[in-house]
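What follows is the residue order along each chain.
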Amino acid sequence: MALSPVTPNNKALAWLEERLPILTVANSVMGPGTPTPRNLNYMWNFGSLAGIMLVLQIITGIVLAMHYTASTMFAFDSVERIMRDVNYGWLIRYMHANGASMFFIVVYTHIFRGLYFGSYKAPREVLWMLGVVIFLLMMATAFMGYVLPWGQMSFWGATVITNLFSAIPVVGESIVTLLWGGFSVDNPTLNRFFSLHYLLPFVIAGVVILHLWAKKISDSGNPLGIEVKSTADQIPFHPFYTVKDAFGLGVFLIFFAYFLFFAPNALGHPDNYIPADPLVTPASIVPEWYFLPFYAILRSITFDLGPIDAKLLGVIAMFASILVWFFLPWLDGSKVRSGNFRPMFKIFFTILVVDMFVLMYVGGISPDLVLVDLGPNTAAILEQIIKAAPEAVKASIDSGMDINQAARIAGVNDAELAKMLETYRSSIQAIHLGMLATAYYFAHFLIILPVLGRVEKTLPLPESIAAAVIKPKTMPAE
Amino acid sequence: MSTIEDTKNHEDDATRRDFLHIAATGMGAVGAAVAVWPFIDQMNPAADTLALASVEVDISAVEEGESILVKWRGKPVFIRHRTPTEIEEARLADDIGLPDVQFDEERVTAGKEQWLILVGVCTHLGCVPLGTKSGDDKGEFGGWFCPCHGSHYDTSGRIRKGPAPKNLSVPEYAFLSDTVLKIG
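Chain order of the listed sequences is S and Y. Here the first sequence stands for residues 28 to 505, where the numbers follow our numbering. Here the second sequence stands for residues 240 to 423, where the numbers follow our numbering.
What the hints contain is simulated information worked out from the structure, not anything from laboratory work. The beta carbon of each residue, even a glycine, is placed where N, CA and C say it ideally should be. Be a bit skeptical, because a hint or two may be false.
Here are the computed lysine-lysine pairs in the PhoX-like style, where the Cα-Cα straight-line distance is at most 25 Å [what the hints assert, rightly or not]: (1) Y:Lys400 - S:Lys446; (2) Y:Lys372 - S:Lys446; (3) S:Lys256 - S:Lys446.
Which stretches of chain S does chain Y cover? Using the computed rule of at least three CB atoms under 8 Å from a CB of chain Y, they are [what the hints assert, rightly or not]: (4) 126–140; (5) 162–176; (6) 181–187; (7) 333–341.
Derived CB-CB ranges, DEER-like [as the list claims (entries may be wrong)]: (8) Y:Ala272 - S:Glu483: 48 to 58 Å; (9) Y:Ser293 - S:Thr96: 45 to 55 Å; (10) Y:Ser293 - S:Ser222: 25 to 35 Å; (11) S:Leu398 - Y:Ile335: 46 to 56 Å; (12) Y:Ser293 - S:Pro291: 36 to 46 Å; (13) Y:Lys421 - S:Leu398: 21 to 31 Å; (14) S:Phe346 - Y:Ile335: 33 to 43 Å; (15) S:Thr96 - Y:Ile335: 45 to 55 Å; (16) S:Glu443 - Y:Glu344: 48 to 58 Å.
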């Protein structure tokens, strides 16, 4: 790792720099002394945006912790007090709550940037895996943070998610009791969630440093996916990318401010403004939007697989859907990094993005919601007719018979038949769409990517970054 | 006296020194593992939480066909005063091939079959099923219905339809008298 030394003119600074080369490190990470590929597009803004969101969440979170009380007796009221009485409390809390959503928007974009441009491929495997670790930590942090206001969704979300661990054979129940510190989600649970919600962001900050360190070693990727060959391919990070990042930040803050000031509750659930009640379950328990794709995968598994029951299998599938990212560098065998040069990959990548949105949609609706009504289910209705038929005629109705004819033989009247036609219908429900989307999700990573690596005919790569992006100067027309 | 022995040990002192290293490191590792335990066990229910582990309920006011809901260990407990029809319905379903096979008589106290005591937590993902209040949807089998993911329980609290894998659990309880029930 080549550092670009800084020798300050100021004597005091020079004295410090000699003992702790902090300016040298800063210069080598994001200063003029950081040569960076010259062709980074706006998709490369989201790393620094994520860093800024982390800092913002930590600052607003520390302030909120000064006014929040982690006790089931006072938690809900202390949050309401922040909203109503604490000076600018409403602003800081809305920044924190919407900031979490913004953080996830940024990070999802950052992850899918990586998926499209092959940012996980050698030599950046560890850089990518550290990113997955950060994402997992973010999910844990966000989940525990959502519990703190102690509203109905807080309580029941915590109940449903902690109960997932009960699916683990033998030790499941003990693990759940250990997580709760009691016999249900209660005061001990709230207290430990607060403690960990405060701790984990700093753990994330630590892993972010490792993430940046790994990036320094392997250098930034770039949209062409080819390695830097000479200094002609590079420009200094500062001022070029500091300015580009700052511009992107400005645009992003407009987006953030829209939610913050005009729709601060649009991304939350109204039920969380009802204090938690352990004796009443809300009509539907919906996680925050950023968990919906994974929640959909959890709920889509309704079948047993050998000795593994549906509940455990669902939990395994949900965790596997993220853990599979760790193996991505080895699952995708294509030597070409950038999706721009992979015509078939591009199509499947687009399907994956659509698939994620489908999962997000399915995760937010009831699994039995009828999406497409396919008309009466004749087999089920015939079964009902046979059940209703007198013993004597039962044998004369067979499964291939017309319903009306069968009804006549069985003596089922028109009103009864109409009711059966209404009750027994075939349909495509949300759960079916969820199963399909879950199947594609896993197929994409476990089948499509490995196969594409072998069969795909990629487009020719440019000679160098400079050759691809610097247009030759043309003589002005006479 | 033991000079010869000592010299021998010094020549291939690997044995003695390695043993000391391994023994010391090993003891250190065991010590560290032991020291970790309090940090894990502190997360388990504390003594005061355990002390609140039982409640006594007066059930004299619960009419036949009615249910009440009491809080026990932070969870809802359903106490239903079953009608003879409900008991009969439950017993008829004993051997029709239930998802989680259990006879009704195993789930109640002999001689007090009318009293059904259940932990009101759906065995799917922990929601509170409906069916205790008079206006509630009792599901297809006249027991309880979980609105979260559509599990139906019968008049013995057994799972009949839906994603829940197990019957509603029966807590530890005892009748202290004809009208007082102790749960836990």
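Going through the hints against the structure:
no.: 1; hint: Y:Lys400 - S:Lys446; verdict: holds, 21 Å
no.: 2; hint: Y:Lys372 - S:Lys446; verdict: violated, 29 Å
no.: 3; hint: S:Lys256 - S:Lys446; verdict: violated, 74 Å
no.: 4; hint: 126–140; verdict: violated (count 0)
no.: 5; hint: 162–176; verdict: violated (count 0)
no.: 6; hint: 181–187; verdict: holds (count 3)
no.: 7; hint: 333–341; verdict: holds (count 3)
no.: 8; hint: Y:Ala272 - S:Glu483: 48 to 58 Å; verdict: holds, 50 Å
no.: 9; hint: Y:Ser293 - S:Thr96: 45 to 55 Å; verdict: violated, 29 Å
no.: 10; hint: Y:Ser293 - S:Ser222: 25 to 35 Å; verdict: holds, 29 Å
no.: 11; hint: S:Leu398 - Y:Ile335: 46 to 56 Å; verdict: violated, 33 Å
no.: 12; hint: Y:Ser293 - S:Pro291: 36 to 46 Å; verdict: holds, 45 Å
no.: 13; hint: Y:Lys421 - S:Leu398: 21 to 31 Å; verdict: violated, 50 Å
no.: 14; hint: S:Phe346 - Y:Ile335: 33 to 43 Å; verdict: holds, 37 Å
no.: 15; hint: S:Thr96 - Y:Ile335: 45 to 55 Å; verdict: holds, 52 Å
no.: 16; hint: S:Glu443 - Y:Glu344: 48 to 58 Å; verdict: violated, 37 Å
Going through the hint list in order, the structure does not satisfy hints 2, 3, 4, 5, 9, 11, 13 and 16.
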